[in-house]
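*Asks:* When we follow our numbering, the leftmost residue of the sequence shown carries the number 1, and every step to the right adds one.
Calculated directly from the structure, the hints in this document are not laboratory data.
Label-pair distances were calculated between CB atoms; the ranges are: (1) Leu13 with Gly157: 40 to 50 Å; (2) Ser46 with Ser24: 18 to 28 Å; (3) Gln11 with Pro176: 36 to 46 Å; (4) Lys199 with Ser23: 34 to 44 Å; (5) Val14 with Lys199: 32 to 42 Å; (6) Ser46 with Ser159: 35 to 45 Å; (7) Asn12 with Pro186: 34 to 44 Å; (8) Arg45 with Arg161: 37 to 47 Å; (9) Glu160 with Ala16: 47 to 57 Å.
Think of the CB as a built atom: it goes at the ideal place given N, C-alpha and C, for glycine as much as any other residue.
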Amino acid sequence: MTIRVLLADDQNLVRASFAMLVSSAGDMEVVAEAGTGREAVALARSARADLIVMDIRMPDLDGIEATRLIAADEDLAGVKVLVLTTYETDENIVEALRAGASGFLVKDIRPAELLDAIRTVAAGESLLSPGPTSRLIARFLRAPNTGTPSALDGPSGLSERERQVLALVARGLNNPEIGDTLGLSPLTAKTHVSRIMGKLGARDRVQLVIVAYESGLVIPGTV
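Work out the full structure, taking the sequences as your base and the hints as a guide.
*Replies:* And the structure:
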């Protein structure tokens, strides 16, 4: 199946470079390009993209607000957002993840990494690693969220095993790694993750990471 990609970035050269790269892949195509956040929201509704590569810093409406509008639109429930940033330590990344993005990338990544990231997020996985993503979320979730309250419920109602799995997801482990840690098969680990997402109303693993930190299940600085 071809992955339909919408590129949202206010820099024409960046968009052109990404468009050439994405178009070179046999399993994806660029269906639209946006130079502002409002254009990204409008094109998400009209172009029916599967995934949006979204720059955080854009005029008119930034990538965070654009992501929030897209994630809140029931007609766009299947659309994934992969945010881009210039700096790995940009605190806006966490706000983008809270808004509904499924992961983030730094703009100086290698071309193959961008294509792999698009495939990963389009397949319903989040772009997490035990390193920068988890450390970044831990850093900016130390203080209570003073913005819009999270729509997710806390982890109460989860079984002890599900709480263990959630804690490992928050540390950036993938399904095989979770299975190895808890003595489970990768399929069983995946089933636990899916069940947790259903109980918490989470869109993806990124939201599971956020709720794990916000609820206190995982303490910042322990990753």
